[in-house]
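J.: One letter stands for each residue in the lines below.
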Amino acid sequence: MKNLISSTLIFSALIFASCSSDDDQPIVQNTVEAPATYKFLRGTESTVNFDGQTTRILMAGEIANSFMDFDNATEASLLAMFNHQAGNADFGDADLNASDKNLRSKIAASYDYFFTNTSETAEIRADFETYISSQINEVFPNRMVVATPGVAGQVADGSRTRYVGAKGLEYNQAFAKSLLGALMTDQMLNNYLSAAVLDEGDNRQNNDNGVTEENKSYTTMEHKWDEAYGYLYGTSANPENPNLTIGEDDKFLNEYVGRVNEDSDFSTIAAEIFDAFKLGRAAIVAKNYEVRDEQIAIIREKISEVIAVRGIYYLQAGKNKIIDGDREGAFHALSEAYGFVYSLRFTRKSDNNTPLFTKTEVDALLEMLRDSSDNGFWDITPETLDAVSEAMAAKFDFTVAQAESL
Amino acid sequence: MKFLKLSLFFAILAVAITACSSDSDGPEETVDTFDRSAMLANWADNIVIPAYSSFNSKVVEMEAATMAFNETPTVENLQSLRSVWQDAYISFQNVSMFEIGKAEELRFRNRLNVYPTNAAQIEDFIATGNYDFALPSTIDKQGFPAFDYMLNGLAETDAEIVTFYTSNPNAEGYKNYLIDLSQTISSLTNEVLTSWTGGYRDTFVANSSSSASGAVDKLTNDYIFYFEKALRAGKIGIPAGVFSNGTLPQNVEAFYKKDISKELLLEAINASVDFFNGKSFNGNTTGPGFKAYLDYLNTIKNGENLSALINSQFTISKNKANELNSNFVQQIENDNSKMLATYDELQRIVILLKVDMVQALDVSIDYVDADGD
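Which chain is which? The protein sequence lines are U and H, in order.
Per our numbering, the first sequence starts with residue 48, numbered consecutively.
Per our numbering, the second sequence starts with residue 11, numbered consecutively.
Restricting the straight-line Cα-Cα distance to at most 25 Å, the calculated cross-link-like pairs of lysine to any residue (SDA-like) are:
#1 H:112 <-> U:371
#2 U:396 <-> U:446
#3 H:239 <-> U:207
#4 U:298 <-> U:144
Anything over 12 Å on all C-beta distances counts as not near chain H; from chain U, calculated:
#5 166
#6 169
#7 263
#8 401
#9 402
#10 444
Simulated from the structure, these hints should not be mistaken for laboratory data.
Glycine residues also receive a C-beta, built at the ideal position from the N, C-alpha and C atoms.
Next comes chain U alone, as it looks inside the complex (with noise of 0.2 Å):
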């Protein structure tokens, strides 16, 4: 279908080329040609640096294990590990205990959502926040609790053990699934791909002349790119080509887009992304702003694309295991499924500054899935999972049932 849609354009193209062919409108020819892998060179050396974005992976990383260390886990050192302050012992890992970067001060904090709305940004990372104290002050307790409805503990997921909050929500998977929304996503569509990022002050100009940062082999512009590229492929096996290992990279943005890969109706969206990166960043060092501009509505597109399908799968698994009867076996994938709804608040539409889901509509999918009856998962219906799934579905061109199978 997608082909057929994509012949009728490239048709319909040929016909409007034909029909102007007279007139002396100068052809836009994308004449940036991108190169085969993420490698970029001035003279000799490498422009291509997104250190600060793999270190912040790997404190997701971290933290998001964390949340299950029962034995040395308290709320006091996961807070230090969100709020990280160089120099402190907060990781395993020492190059992340010597870091000046942190979790917190990254989530919702774009340019283009919440620069002048920081209001919201407090909120969000008190959601953050409460995730984490939720953890030890309700689950932590329960650990050897069977839980049922409105009390916390353990359900079992086939040979699994879950450890789940009063309502049945894993808060590990509620921080985990929500920070790809809140920092990766919102970092990467709103802040490092935003105009007002990209052409900040003298950027552009700098870029036109090749004036690199102080010290740096890069411009800036190439820099902020390169910074949007490391929310997605930052602990990549290899960072030129890392559609070789998508999905096995980290347990946030790169897992998912390589999960939504594998289902058969999205199975060239990882190409796409990649290749939008790839060609975005050859159009910067070719100065060629057009071009880049329509690699950034890709990747906006596709991102949001991967959390929306992800978020809906989820929900659908969801709702058959209730369906068969497992109903706290369906608790994990509703947890993945309500970080993914979160994180449909930093998606975009591709083709102007505004969200794809407003506030008011995200809050609004979160409270039919938290608090459409008084004990959460415990007795949500499959009918609120089908109405939730079905308003993520509408606001773009796949179905629920092209989400839900692979």
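Got chain U; can you put chain H on it based on the hints?
T.: Using the frame of chain U, we list chain H on its own:
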């Protein structure tokens, strides 16, 4: 979605064929009028309930032998308890696939047979006396594999094992753990059996609709899930290293007893074959089951009857399994390729069941592989 595209293709094909063949009489409507209730009744009355009854009697014996051993912990009593445990473990292979109804609710298979068992935490539980087998996180500290550790894994010789229950400073702790293991197995088994005999049988047989929630669809899924995950992967694939870097001999079933892994596997294959053929648990008569249903639907694959194809693949697998050492740890260490060869044959059955059979029966698979976190 693939399915959708495929059906669209067939729909178009069908239209095309119809258009071309509009003059002929057209193919006869095939309506599935197979007596599903009779099949469910055969399953319940001649296979499931007799298998649980038989298993339950072994479990009752095991509890009695545990009490006798606890009262008089001697090498002789250890050996007789071990022998009863072994019988019960073998008998369990005949019910493990029926994870439906009460068994599903209790997570019966996971409560009775998760391995490898966690010996370090068992020791911790014994030392503190603080444990609750109802907790999902304790599934690898209970059931037959934990029993295996308590009877075969505490020391090298029987005389030494017995000292854990006699002269050990915490002998009471070991005894308590053993009897708790035994009583938990027995009360869970009793609960499942009495659910079947106390009304669930009728619910099961009456639920004959052809839908995802119908008993045929559900038990078909349970059967295939069991065969794929518990039998093929659990007994052979995982220890043989199919899913890991390197082999995992410590993950064989009955790791501490060691020389019965093959017997447990063969019993499980036989039980799967018998269930496929609708063969009564007691005796040799067969009734309606997958085989009869497939034969009724006259499913043909590669010019051969699908049920014959499946049965012949079962035989091939059994023959491969028969070549294995009775001790899988030795087999893995000496010649793992035989384990892998057995795995391959079992995998061929999975494909026949999970693709061909369910297509013929119009059942959809209701489980997906977890994504690993």
